Amino acid sequence: MRHLLSTKDMSRDDAITLLDIAEDMADVADREVKKLPTLRGKTVVNLFFEDSTRTRISFEAAAKRLSADVINFSAKGSSVSKGESLKDTAQTLAAMGADAVVIRHPASGAPHVLAESGWIDAGIINAGDGMHEHPTQALLDAFTIRRRLHQGGARGKGLDGVTVTIVGDILHSRVARSNVWLLTTLGAHVTFVAPPTLLPMDLTGWPAEVGFDLDAAIDSGPDVVMMLRIQLERMNAAFFPNSREYSRRWGLDDERFARLAPTSIVMHPGPMNRGLEISSAAADSAGSTVREQVANGVSVRMAALYLLLSGDREDS
Amino acid sequence: MSSERAASTRYLIRGATLPDGTGTDLVLADGRITELGSGLSSAGASVIDAAGLIALPGLVDLHTHLREPGFEQSETILTGSRAAAIGGFTSVFAMANTSPVQDTAGVVEQVLALGERAGYVTVQPIGAVTVGLAGERLAELGAMAASRARVRVFSDDGFCVSDPLLMRRALEYVKAFDGVVAQHAQEPRLTEKAQMNEGALSGELGLTGWPAVAEESIIARDVLLAEHVGSRLHVCHVSTAGSVDVIRWAKARGINVTAEATPHHLLLTEDLVVGYDARFKVNPPLRRREDVEALRAGLADGTIDIVATDHAPHPVESKDCEWDAAANGMVGLESALSVVHAAVVAGGQLDWSDIARVLSATPARIGRVNGQGQGLVVGAPAELTLYDPSASRVFDREDLAGKGVNSPYLTMTLPGRVHATFHRGYATVLDGMLRPIAEIAAHGENDRG
Ligand SMILES: [Zn+2]
Chain A
0 MRHLLSTKDM SRDDAITLLD IAEDMADVAD REVKKLPTLR GKTVVNLFFE
50 DSTRTRISFE AAAKRLSADV INFSAKGSSV SKGESLKDTA QTLAAMGADA
100 VVIRHPASGA PHVLAESGWI DAGIINAGDG MHEHPTQALL DAFTIRRRLH
150 QGGARGKGLD GVTVTIVGDI LHSRVARSNV WLLTTLGAHV TFVAPPTLLP
200 MDLTGWPAEV GFDLDAAIDS GPDVVMMLRI QLERMNAAFF PNSREYSRRW
250 GLDDERFARL APTSIVMHPG PMNRGLEISS AAADSAGSTV REQVANGVSV
300 RMAALYLLLS GDREDS
Chain B
0 MSSERAASTR YLIRGATLPD GTGTDLVLAD GRITELGSGL SSAGASVIDA
50 AGLIALPGLV DLHTHLREPG FEQSETILTG SRAAAIGGFT SVFAMANTSP
100 VQDTAGVVEQ VLALGERAGY VTVQPIGAVT VGLAGERLAE LGAMAASRAR
150 VRVFSDDGFC VSDPLLMRRA LEYVKAFDGV VAQHAQEPRL TEKAQMNEGA
200 LSGELGLTGW PAVAEESIIA RDVLLAEHVG SRLHVCHVST AGSVDVIRWA
250 KARGINVTAE ATPHHLLLTE DLVVGYDARF KVNPPLRRRE DVEALRAGLA
300 DGTIDIVATD HAPHPVESKD CEWDAAANGM VGLESALSVV HAAVVAGGQL
350 DWSDIARVLS ATPARIGRVN GQGQGLVVGA PAELTLYDPS ASRVFDREDL
400 AGKGVNSPYL TMTLPGRVHA TFHRGYATVL DGMLRPIAEI AAHGENDRG
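Respectively, the protein sequence lines represent chains A and B.
For the first sequence, numbering that gives the first Met the number 0 begins at 0 and goes up steadily by one.
For the second sequence, numbering that gives the first Met the number 0 begins at 0 and goes up steadily by one.
In case anyone wonders, no lab produced these hints; they're calculated from the structure.
None of the values given here were measured: they were computed from a predicted structure.
Be aware that a few hints might be false.
[Unchecked claim] Now the stretches of chain A that chain B is said to cover, found in silico as 3 or more residues with beta-carbon under 8 Å: (1) 95-106; (2) 128-136; (3) 193-205.
Cβ atoms here follow ideal geometry from the backbone N, Cα and C, with glycine treated the same way.
Isolated chain B (complex conformation) (with noise of 0.2 Å):
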């Protein structure tokens, strides 16, 4: 790759299939689309051969923890927007659980100007619910969404708002500037010290269970309060095939709810826990088949409006130890699309608009955030990914970007690959590797001016 190609902003894209499973040529110029169609030409333009490549609008993660401040050993919002960019993302949405917290508007306004700086994908913070996450007083929700960083999600997420006072003024308060709680649904108290899913299985591990029922719980507890007061509601990382039926009623009943699940539990299942392997250990936890497949029935039908990856870094220590003592969470940027394509696509379930949808303009609709999700169609922002369907590869430590190496895809083979991504018209992967950190940080700021 020439510098000179790679520091180009004019792309033109040849021979490219579009969600739909048409084939187009596409322009990228000025941050833009600009063309669409075939047999284009642009003068000065870089060209792409996407033969047999998929052009997806740029993916926007709605749950992804990227850890800075306060634990920039597990993961900065540089390296977590390299393994976005690396995973076909142009958005993450950054949680809230930094430290400090996310819960003021110059903590907010800090995370996005790390992440402007970086430039290798859009980082919108995500603001507190509660000082501190501590559940006990309602964070500066107004300034945050007042602020440079235009917060829009709010979310105690890592915990449960399981008050359900303070629950309900959340949902009534974030009204004045259309906001939304994304709800991490967990009982605290059906689920102390809880170390897997409640089931046969955990019985015979001698692991404590978390209950499907204390998530289901919070999650009609919620939906509830959100229909009584006329709120938007968003469920974070549901699980359990009973969390499902209880938001299609929900749904059915005209209450505002949206709902995302992990790709980890699209498609994995408890049984890897058996093991003691502590990569498997997550929250919510890797939940029985019957969960996968209503999950699948879930996101295919639309009760589940998207995919959120939950990225959760750790440092190797926290994972290279007993069950009880590990840390819960697994990377998910950089596996994402390959897990998604495995789980619901391989099978007919899905296609690849549903893809775009679930990936991209819903999860960009939910955050209101500004420059994604709008597709690729004329006149949007350059925000695209070119991905390979018919790639195959065993997942390996080579193919994470980030900081954190806690996959529990590693070893497994997974199919297609991210070729390339495009962010405000500018290629932050190219041929399957990422652009150098320089190269980037300068593209962001020429636009910023």
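If we strip away everything but chain A, and leave its shape as in the complex, we get (with noise of 0.2 Å):
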């Protein structure tokens, strides 16, 4: 693997490859040892355009328990918030020697523009890029679902016929972009639940039923809700009038928490509002995933950097 960029390019079997890696890193986090010597003397910089010590601490954990050398390079406090270009910082990091870079950026496509553009050889991981994609989030959420239906057989197997409903902001989510492709690759049916203001306009080509009554999709039955993180500061700008109405009509609340299956899975990427979006007795329930979530992220994020640093590095 060259670059892991997007889910939307990913084919099934690079998906369940990756998958299947990443158990064989959980099994080492069960360990007492926790650290493979796999990628000793590589360099996997983390650069962060944008706040997010969950995803980097994530990212950092992998590499270490690869043991990888790790720089982070922050926008806060360095020559990135003066306004340093991008070209600029990846040159930097070129002459560093990094051998991947892992990038969050405000700016959807940052990723693709560092990986086609020359200014740096090294392998690149989007770690959410504007509203574009964050495919290890994607990747650590189906890893969560498979492992969850299948335990210890989750190896070789895709999702087919796993329902999942994704809640809230569409719009403005790359968790629910990489999502959409990589969940309906492996074989789920995806369907998005929120306010018509909050979905993109047009999804004419999006892999994904659409609906805009959150109890109407509960009562369907899916094998797993996925609650996204709402913002605030939307309602400011109209999409919606308050957090009163946002969380009675598309909050996963006690009363429609208990009308999934018992056998229902619950999800959010978090950090979740506790109370808005999702309620606290869903959120700590016997089938939410919400800390299996982020432990799953350490072994995807090792699995993706096993495969773009080592071995033969080739364009795919």
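Two chains, two separate frames, one set of hints: put the complex together.
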């Protein structure tokens, strides 16, 4: 794998290979010595133009468990915030000998530009770009669903026939975009539920059903309900009236949660707004995978770094 | 090329094909077309073999960003004039978004003078509608109209005159001196942070959408305002099928509106945004295939009156970055004729007479510029270009003559090539090459006496 930029162009075989390697990595996490020597001597740069402590420490833990050297390069307090260009930053990292760059950027497509530019030869992992994609989040979500459904027998399997309902701010969500492509590639059926203002105006070509009614979606008995974080600033831009109305219509509250089948999986990429898009009872229930998602994130990112940096790198 | 021939201002052009398809010789002398017909001879004239070349009246661009004063790192009046000449243009209208803004008589006269000094084309300044393009109060439109620059076209291009009352007043006021308001139609609230055409692709790429309705709603409002106050309105860079419909409706109703389409909106579509290559970032954005088809049909049936380049040079660093951070705009003067050739002539929707109309006669008439757009007739100013329609080339940086290299056509194969351009009777381009700066400046000085 040369780069990991999006899930849209990822094949089913490549996705399952990555998830299977993540299973191996998860096994390592259960051992007493959690470290592998695989990437000794490699340098991984976490290049974060946007604050995200969670994602950064997840990548950092993944790289360190594979014995790579990690450099954190964040916009806060660095030349990046003084207006240094992506190009100059990339050339600096190239000069430092970065083998992989994990990039989080507020502009959609920035990882793509970095990968195509010729400014740097390193493998690029997209750790979230604007409203575009967040592929490792979708991979850890798929990994989490697969493990819940198949436990020890997950290896080699897709998500065929699994129904996933993604609820909330689809319009601005890179998590929703990466998930719709990946989950569909793996055989799942995806439904979006959102206020019409928070859906892209034209969903032609997206492999998803669309609904506005969370109650109807709950009553259709989905295998997975994935709640997205809602940002309260959105109500100032007239996407919805206020948090009370949002919560009432599109929140997974106690009453809706109670109507889900006991086997249903409740997911959230975090950080959660408890009491807004998800109730505490739902978030802390046996069906919730919120904490597993965090742990699985490290395994999936180990797998991604492993595929990017071990063995021969070739254009994919 | 001998310097003697280059310095000559008497030319005999042999065997050219006129836009209507007939063959002719042309004699250019004393800055005018003095003879037309076959078998002409002219003692002492430089002879140009124009077999296989189309003679077009000098092209007139109603929408050019020359960047001077203020943004000379992007373009100067001289470099932009050279880009125009190599593209077959003999006149360009210089948009007002310079620094200082072209909102006073002093600034437009400065731009006019710099254009005269460069000498490659007639540089006709456009005046800002509002002070500093701020959209708050009218600039001194009358003073600019009465200045030596004789401004007739007023535009806040880059920004929309979105305040309906200000737009109404501007439309009314310019009637006093036969002016026209050229509107950059973009409803600002509907396009906050907009990055590309709004549709399925913008959703997938995670780029904030620029909806067609933001253009169409302003055009609808403006044609109704123009009707109400009986004024002349020009719509810049029409980009959507819906806009073409609105303008078609307005014309059928007798409203005095003209409209332009850019070469890039006639050829390119939004799919090019997929790789996040900022050379394809432009405002208004590249649209869908259906929009391109509607613009071509509108140009063919006269709903769209003209083609204008919206030539917008930027320094390399403004495009060598992530999409959101990149500047809007493309250079277009050097490629315009070839792109229009590819978009609407190759497929038979327009013929070369139509090209002479949409790229010379009509833009000159809309802009009320002297000495341009009078066609290839005896007595007309010698403003013409010789174009080789059978040529084909992979467009590359060598084909760009201005400072900007932000062309979306680099590496694309384009038809045709400008062989020669004549402005005020002297050659600015010969054998596909720009004539030297000093030679052209000397011509310009002679003309001014
Ligand atoms: Zn404009």
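Where does the structure disagree with the numbered hints, that is, which hint numbers, in rising order?
Violated hints: none at all, because every hint is consistent with the structure.
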